[in-house]
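Add chain B to chain A, keeping to what the hints say.
2 protein chains.
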Amino acid sequence: MGLNQAKETPLFIGIDGGGSKCRATIYASDDTVIGTGVAGRANPLHGLAQTFESIQQSTELALRDAGLTVGDSKLLIAGLGLAGVNVPRLHQDISNWAHPFAKMYVTTDLHTACIGAHHGGDGAVIITGTGSCGYAHVGESHLCLGGHGFALGDKGSGAWLGLKAAEQVLLHLDGFAPATALTERLLNHFNVHDAMGIVEHLAGKTSSCYASLARLVLECANEQDAVAKAIVVEGAAYISELARKLFKVAPPRFSMIGGLAEPLAAWLDTDVVSKISPILAPPELGAVYYARQQLATSN
Amino acid sequence: MGLNQAKETPLFIGIDGGGSKCRATIYASDDTVIGTGVAGRANPLHGLAQTFESIQQSTELALRDAGLTVGDSKLLIAGLGLAGVNVPRLHQDISNWAHPFAKMYVTTDLHTACIGAHHGGDGAVIITGTGSCGYAHVGESHLCLGGHGFALGDKGSGAWLGLKAAEQVLLHLDGFAPATALTERLLNHFNVHDAMGIVEHLAGKTSSCYASLARLVLECANEQDAVAKAIVVEGAAYISELARKLFKVAPPRFSMIGGLAEPLAAWLDTDVVSKISPILAPPELGAVYYARQQLATSN
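The listed protein sequences derive, respectively, from chains A and B.
Residue 209 in the UniProt record's numbering sits at position 209 of the first sequence, with consecutive numbering throughout.
Residue 43 in the UniProt record's numbering sits at position 43 of the second sequence, with consecutive numbering throughout.
Fair warning: there could be bad hints in the mix.
Just so you know, same-sequence chains aren't split out, so a pair can sit in one copy or run between any two.
[What the hints assert, rightly or not] Straight-line Cα separation of at most 25 Å, SDA-like style, residue types lysine to any residue; simulated pairs:
#	residue 1	residue 2
1	205	129
2	245	181
3	275	176
4	103	225
5	245	30
6	245	92
Calculated from the structure, these hints are not laboratory results.
Same shape as in the complex, but just chain A (with noise of 0.2 Å):
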């Protein structure tokens, strides 16, 4: 950073892209937020071409909101965290765009989550929202665990909460399963009085639908439901035993991000919640220290 205040100093934009968002924001050098932006979804893994769409809209409302022009974006540093850049032909591809920026830097979502969480230094993550995975950076080593994805893994995130609850409703229902309070729950959250009501609702939908009945599987548990508490106590164990093969690498810092970070703590064993610190910064400024890093690396 030294290097660039040296010179005339930049304008950084970090941006995040997401399953279902894509967030941009505009900092000055001592990471004030100068303006920001919201477009739709942003995630190479599930299209090229609506990712970079989402990434020049984001970065326009920031543009406007920071009170500069579309134009502007040639002033702009940009450091972006996307899903999926860790597969090399990704990776590749976005390397390739003819970006709208002065420069760009990429890396995974993960990495700028992981590293706005500590402020730029090292450190390890577990993001428990719709999914789940684990994420640790230390020195020039990554870690990445867990994150294979809804139905095939995310143990512990919302999607999974979801989904093995619906799966003991059903079999309830069909009287291979003990009774739980899930059933009167989720029947009530669809309005629907049987198994094929719930199905209709969930077969094939995707895993947001999932997680939007994670809340309701934590509230049984809560309240003592035998089920209820098994799935999320599985989950939980799940969570902590990633938490212990992230802290292997010894992170210095560690965060839990994401909409189940808070509710899901409760359940996690008392050796990992001891570690849990703060998040320092959002992802979109961690895009924007990672830029920062690679620039002066590169000066």
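Leaving out everything else, chain B in the frame of chain A:
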């Protein structure tokens, strides 16, 4: 049938609609095959227009195969077995179709498979192929269990075996689960060398894609791989339990149908295996039995 024989003998066509194919067979009154036709998918749950088109197309092919003309469909009395027609709305949609037959009788694909298996008589069936479900038909009562679809249910099915195996392999590659022969087998199957490679081949894929792994899981189980064995044992235990639930309505006969019926039989409980009777007729002939029964009742 006595009533039909008294009139001019009509021709019957039996149609078995499914998620991948639609089979139509024209039968003489003594059940001999006069002509057959196969067309694309005919699952009302996945689109009515395509279902009608596949029914029409398979019928035309069967008519030509029988040396008849397309216009001769007006002479046929049709029995149809279609998924999803237990949903009243879908049954109504099918009944409202301006069909090309003299008469048309529609019931579920499970029902036609069951009365086919038992030569028109009462009985129970378990279907284990890509999916799994149980069905019993005794007197006026029907019992339908399972069949909630991938990845919500269908325990013990091909897709379920494949999903469980992939889950365990990914957990093993992340260090969360014990080593298994499935890991090398799955990596070789997709010709990849890590978890990411497996995920690329399976993420967002259909149940048929997962079901194509079932043979590999059964092989590993037969070779005493502990992880594969645990999966197959769990799936088979569900199927055994499913059979016992069907037995409670006292079906006079019981058959297993589908691609996994034979390989899974070795893993079922002996009280279940001892009750398995061979399939007496295919679902298309079951659909014709249904049409004849309905015609006799309406006359």
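Each hint tested on the structure:
{"no.": "1", "hint": "205 - 129", "verdict": "both (17 Å within a copy, 22 Å between copies)"}
{"no.": "2", "hint": "245 - 181", "verdict": "between (34 Å within a copy, 23 Å between copies)"}
{"no.": "3", "hint": "275 - 176", "verdict": "between (40 Å within a copy, 21 Å between copies)"}
{"no.": "4", "hint": "103 - 225", "verdict": "neither (54 Å within a copy, 52 Å between copies)"}
{"no.": "5", "hint": "245 - 30", "verdict": "neither (35 Å within a copy, 68 Å between copies)"}
{"no.": "6", "hint": "245 - 92", "verdict": "neither (30 Å within a copy, 55 Å between copies)"}
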